[in-house]
Every structure is written in C-alpha cells, then in structure tokens.
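Guided by the hints, dock chains B and C onto chain A, whose structure is given.
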Amino acid sequence: MPEVVVSIGPHHPALKEPVNFRVIADGEKIVRLELDLSYNHRGVEKAAEQRDFIRVLPLMERVCGICSHSHSTAFAKGIEEIMQLEIPPRAQYIRTIIAELERMHSHLLWLGVAAHLIGFNTLFMWTWRDREAVQDTLEEMSGNRVHYGMNEVGGVRRDLTPEQLNAALARLPALEERVNKYVVMVNEEETMLIRFRGVGRLSKEEALRYGTVGPTARASGIDYDVRKDDPYLAYKDAPWNVVTDTHGDVYGRTRVRVWELQESLRIVRFCLENLPEGPIRVPAPKNAPKGEILSRYEAPRGELAHFIRTNGTDKVERVDIRTPTLANWTSVAMCLVNQNIADIPVIVAAIDPCLSCTSRITLLDNHTKKAGIISFDELVRRYRSRNPEDVQP
Amino acid sequence: MIDPLYGLLYIFIFPGFLFLFLYALFLAFLDRRIAARMQQRVGPPFFQPFADFIKMLGKEVIDPAGVDRAIFDAAPLVALAAVMTAFLYVPVTGNSPLAFQGDLVVVLYLLSLPTIVLFLLGWLSRNIFSAIGGIRAVTQLFIYEVPFFLALLTPALMAGTWSISEIVVWQQKNLWFIFLQPIGFIVALIGLQAKLERTPFDIPEAETEIVAGPWTELTGRRLAIMDLTIDISLVVGSALVAALFLGGPLIPWTVTPSWLGGVIGFFLFLIKTLAVLLVLSSIKVATGRIRIDQLNDIGWKYIASASIVQVGIVLVMNYLWVYA
Amino acid sequence: MTGPLTLDMVAGKMKEFGVSEQVRNNRIRITTTPEKVHDTIRTVQAMFGFDRLITISAVDNTMTLELVYHLTGPHRMVVSIAVGLPRELPAIATVSDILPPAAIYERQIHDLFGIMFRGHPGLARIVLNEDWPDNEYPLRKDWKPNPDTFYGGIKGERS
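Chains as they are written, first to last, in the working numbering: chain A, 1 to 393; chain B, 1 to 324; chain C, 1 to 159.
Isolated chain A, as found in the complex (with noise of 0.2 Å):
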C-alpha cells in the first residue's frame, strides 16, 4: 500500500546542515526513515596520510568548526603518546581552557538552535547573545572564533597573556548569572516543556544498545564520560561532576547539556585561576615510532574516537576518525519510528548532529515495501479517515 514520503533535506530550513531524510508518514505519525547524509565527503582521513605532523593538525581542525579544537586536540594527544611525549603543565591548561570554552559554546548554540525548532525564537536570541561573550574570550585568546589553531605537537602554539586572563575571568560571572536563568527557564517554560517532554525517548537499555555517546546517552543514566571514564588534560586536577539525567527524552538531553554549561564554567574559572608557569611546550621529534593508539575525547557532542597508526615516518600511516554524531545516528532512526513529523528536527537536533564531522551513512530499513507520493485527494481523505472529529458535520 503505498505511503506518503516527505522528503525533509537535503535543502530545508529546519536543518543546518546538509543531509535528507526520506519520512515515510501515515498521516503526521512516521512509519520508517530512510536517511542519506552524503553530501559533506572530503576524503579528510586519506588526506591526513600525505601531510606530516605541523600540516596534518590544521586539517584535523577543518574535520568541523564547532568541534574543531578536539579534533586537533584528540589527534595532536595521540601522537604525543604514541612519542611518549609529556607536554607541560601550562599547555594541558591551556587546552582544557579552549577545550571547555568550545564545548560552552557548542552547548549555548544548540541550545539557541532547539529552541528555534520549536518556534521559540526568543530563547534562540538570547542564547546566542550570551555565546557572543564565549566567542569573544576565543578571539582574544586565539584569533578566531574557530578553527583556534591553539595544538601543536607537543603542547600549545600560543601563550595567555595576563590581561586576556584577566579579561576571561571578567566575562564569567554575567555568563553564569544567565546560564543559570537558562537552566530554571528549561524546567519551567511551559512551551519548552510541552514539545520536549515524552518526545524520542530512549530507555537505558536501548541507548546502551544502539551505541549512543555524550549528551545523549548521559540522559538516559548513562554516566559515560570519557572525561573521567580515561582522564587528560587537566580534567584530573579541576573540580567537576559528570552530570547524568534520567528522562532519556529530548527535555533530559537539554537538561544534561545546561547542567553541563554550569559545570564547564567551573572548569574554566579554576583553570583561569590556577594556570601554572612554565614552557607551553616541548620539542617534539619529526618522525613518530611506529605504533598503535585510540584516542579517545569527550568532545561537545560525546565520545570522539581517533585510531591512529604510525609508521616511522613523519607521517600517519591512518587515522580513522568515529565521531560522536556517526555513533549517535542509530539512536536516532530507531527513536524516530512512531514519533509525529513535527517532532523530526526536535530529535534530530536533540543528539546535536554535527554532519560536517560525520563521513557519510545511509540507514535503511530492513522492510522492502515500495514507498510513493500519492495524490493530493487521497491524502486528505485518508487523514479525515483516521481523524472523524476534525471532519466539519
């Protein structure tokens, strides 16, 4: 029997990024999801092969914008280990500072973005407002508002200035003030409460199943963190809780990534504060041993893994990157089924796909019925079918 597909992508203003999904619907509720996240391929891993260690750091950087500094970080802390590297105290400070200063603001931003989705654009300005003081700390310390260039191997390639901490440190307490505004805001606002609530839940046992990382799973009482799960940088040292939730729909998603903006803002300031002296790095040699390891990194989205592989040369000889969304799209597909198709980018966005970090996937189902578009007469006659009450007597 044929169902109506609404093809949702690759160009629509409900995504921000290119992907499509083919929504097999009955009525408003969908039957099956068909997704084809093939437009951003740029052959990043085969191009790392040919570039040696101070080249191949700035393309790990281009991997995505939001989540750039822990593609290079993930990498440059691989390669360190793998040269059995120590880089110096001030430099893992300093990348933890940038590291939870991004994950800030990919947090404040999908905040903004969740909201928009529901129609709630008063929430979205305001959040990304309070990012632009995020950003400003990022410019000033780096130069960009991504795309930091902060990793070499070896430690880090710039030095914070006293006046920049200063500054950082200045920025905070407005910050927090409105952070915590935004946390009262997601357990109260009616609105917010009413499209999130109930919407793509994912038990305990399905998110462990399907594989789920970050966020995500943290809502569903999963406390994986690979912060604490395989500790570095200076996340040992600063004083910070995984924060869990066990609502498993899209409202504990929000609540575990504003909980989490809390808890980065006390990374930053104990960071800030506690910067030790010191070099920001240490000569590294050019060509790596050969060698094995996966390096793993909490990323803003969840668990970022690189399996790097060397060879003796100054080049890897593969580097093969899962990140977080790639692990994170079965969840979505399996939650999907059933759901309402206005409830479609509140999921999708609630897992905070980052396509420019995913290589691309297609899911398909596992059924075989043909799907086709069906007329416009047929449509409205099968809804009031299915809908008696909203037929005018």
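Incorrect hints may appear among the rest.
[Claimed, not checked] Coverage of chain B stretches by chain A, computed from C-beta distances (three or more under 8 Å per stretch; other residues unrestricted): (1) 35-42; (2) 162-175; (3) 194-202.
[Stated by the list, open to error] So these bits of chain A aren't anywhere near chain B, every CB distance computed over 12 Å: (4) 82; (5) 115; (6) 124; (7) 125; (8) 147; (9) 206; (10) 209; (11) 236; (12) 238; (13) 243.
Hint data in this document are derived by calculation from the structure and do not stem from the laboratory. Don't be surprised by glycine CBs; every beta carbon is placed ideally from N, CA and C.
Structure of chains B and C alone, referenced to chain A:
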C-alpha cells in the same frame, strides 16, 4: 441612508481603506519592534513593512508547474477584499455608518475567509509541504473557531443586539464587557492569536518543519497581498476585540461639540487597539510553537469549555437582570 | 563486572582465541583470526562485561587489511580485538547482530575499503556518492584516482 459622498469618503479614505492600509503597516511595524526589544534586539525602522510591501510587489511571480494560475492570482485578492470589507463595520470614530443588525456575524465570517484561502492555496500548490500546511490551517480553524465565536457572541447576548455599533453604545451606558465577562475576553484574545496564526499557534506555517506550509509557493505580488491581508486581519481583530470588550471608541459621557467626540473617540480607538496589540505581541514573544495534536487537546479541553462556561454565566446574568 | 581488569585475568580466559597484550594502562589488545571474531566478542561481552562498541577501525597494512574492534564496559577498560584479512577477497562475518551500532561502521568500512561483511542487513553504497564507480576503494594504500574515470559530481565542469 447615508450621503453617498460621505459614504465614499468613509469607505476609501478615512476610516476606510487608505487609513486601514497605513494603520495595518504601522501596527505590523510596532509588533516587530516590540518583539525585537523584548528579545534584546534593535528591530526594524518604522517604514519597514511598507518597504517590504513595495519590494515584494516588484518581485518576480513564479508559477509552479501545473498550477492553476488564475486561482493563484485571485485567491489572495479575495482574502484581502474580505478583511478590508470586515473593517467597514467596526466602529472607529463612533458608530459605523454601515452598521446593521447582524453585522457582527458578517464580520466573523469574513475574518475566517483568509484561512480558507490558505487551505485552498495549500491544496492547489502541488507540493507536499503546502498540503500539510493547508490541512493544519483548517484543523486549527475547526479547533479555535468554536470558542472564538462563542466568546465574541456573549457580548451580543448580554447587550441584546447583533450589531457591533450598538454593542459599543450599550457599553457606553453600562460597563465595559471586559469587567462583566473576563473569561470571554481571555478566550477572545487566545482565539485571535490563533486566527492570526501567531506563535504559539503558527502551526500552519511552521518554518522549521514544513518550509512555509501553504505560503511556500506564494511569490511576488501574491505574497505581498497575503501578507497585507494578515496585517489587516490584525487590525480588524484588535479593533473588534476593542469594540466588543473595551468599549470601542466611545467614552462613558457625551461630549459637545460632536466632532470633538469623534476625535476623542478616534484616539481611544488607537489606544485600545494598541493595548490589544501589546498583549498579542507579548504572547508571541514569550512562547514556542505547540503541535497540532496538543492544540487539539488544549483547545477542546480548556478553551472551548471556558467559553461554554462564559455563555452559561451570561445567560444566568441575563435572567437575573430581567427578573431582578 | 566492576573493578580493574588485569591482563592476566583476560589473557587466561582468552587464550583459545588469540594472543593478548597490554598496550596501555587501560587498553588490552587481542589478536585473533577472522572466524573467531564473533565468538571472541561474545565472550568478552558475557565474561567481562564489555557491552559497548566504541568503533571498528580499518587499516591497510599493505599485506593485509586489518580490522580492529574496540569495546568498553562499565569498568572503563578498553579491549581491542584485531584481525587481519587477506587483500584479495576480504570477507568476515558481521557483528551487527550482537552489536547494533556495528551496522553503520561496517557499511562505512565496506564503502571505503571493500571488505565484505557476510550477513549484514544492507551493504549498499553509503559513504561515497551514488555515481562512484564500483570496485574502487579509496582508502586502500594502492588506490590512486584515475584521471579518466568519472567519480561523481557534474560532468564536464573541469577543464
């Protein structure tokens, strides 16, 4: 019978079409400015809606393949004509010279026409997003029309007349209906927000879900005219609520000379419609969009029952009034 | 199972499947053969609680194609199960029946390396664009783009 010249002036200049056009653009600007200030942005300059209208008139009209061009051209004009006509019966400076018994019902019907036109356009656009948007528009219409009509008919029940101008006169002698029927006032405001398809009820044109719903294939002068229709509906709706609940352009005592009364009435009209706009804009800014099935829930459970309760109260009060 | 796992605990149990070694303070690497991968994963899931798949990495070792399955569990240790596949006809059984997220990673690896996963629910073209020519696996070491082949996009736009 009114003097033909006076009639023509009333209809076309003031307070007819020209005034309506300018006031609609002014209210659209105010709406955007208030929303922007609440969102801590700057907002557009005062002539922005006028500039948008002129610009859109000059843009290319794109016809999707296989679409009936004649209806696509005519439908927005029909919607515009309907709301402009509806304004003629709303009192602006005093009683409307075109008033007659039952003009309240006519105005309510004319205000529903733009939604029907949107459904027609959504159906005809040969586009799945427009079809879904059109269906949502009429679904929303079915949900809010019942409570909206009931809330606007309770003033008529209490005043004992079906003419808007006479209801206004009744309020001048007695009390504004906002004090006598507060529930009805709130239901009327909610219904007005839903009729104008503003957040939280902008479901049919939910930009992030179905592109622009039935508005998707409107371009050029068609879009300009439909936009103008919505802006004018805002004016007509606010003026209607102001007339039925806030006493319209009449003050509780008579003023001589009569032309001064007209001028004062006009200013009152402006103030009252601006007050209604302020409330509507605040609602628009402070909420997100709800889903159509949630609107179904809320609409029938709470809003419709509130309006029925209001009707019941009015009937009881009428009975007591007559026998007390 | 909670608490730190040691190499001895794992090596003893996994001896039948392959050689184990500790490559990092929290990562253990087991080398095994393609036929035993399925059972190896099932055993580490059941016996040691490695219930989450981090990723499946694929490397071209010039002589073989190597697949590494990384799993972790509540005890926060990571186990990497490595197998080598011959270059000519690399094929292995799918693990997406016991680990659902593997479906995505296996499809991506199939597209880029040409490894066949037997029993996979749907191994169609996914990572590369629809008009990419067949039998060209870009991430293999011996692959170079052929200037005469059309790799997708708009024909005739390059001079």
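Hints, verified against the model:
| no. | hint | result |
| --- | --- | --- |
| 1 | 35-42 | holds (count 4) |
| 2 | 162-175 | violated (count 0) |
| 3 | 194-202 | holds (count 3) |
| 4 | 82 | 45 Å, holds |
| 5 | 115 | 7 Å, violated |
| 6 | 124 | 8 Å, violated |
| 7 | 125 | 4 Å, violated |
| 8 | 147 | 28 Å, holds |
| 9 | 206 | 24 Å, holds |
| 10 | 209 | 29 Å, holds |
| 11 | 236 | 39 Å, holds |
| 12 | 238 | 32 Å, holds |
| 13 | 243 | 24 Å, holds |
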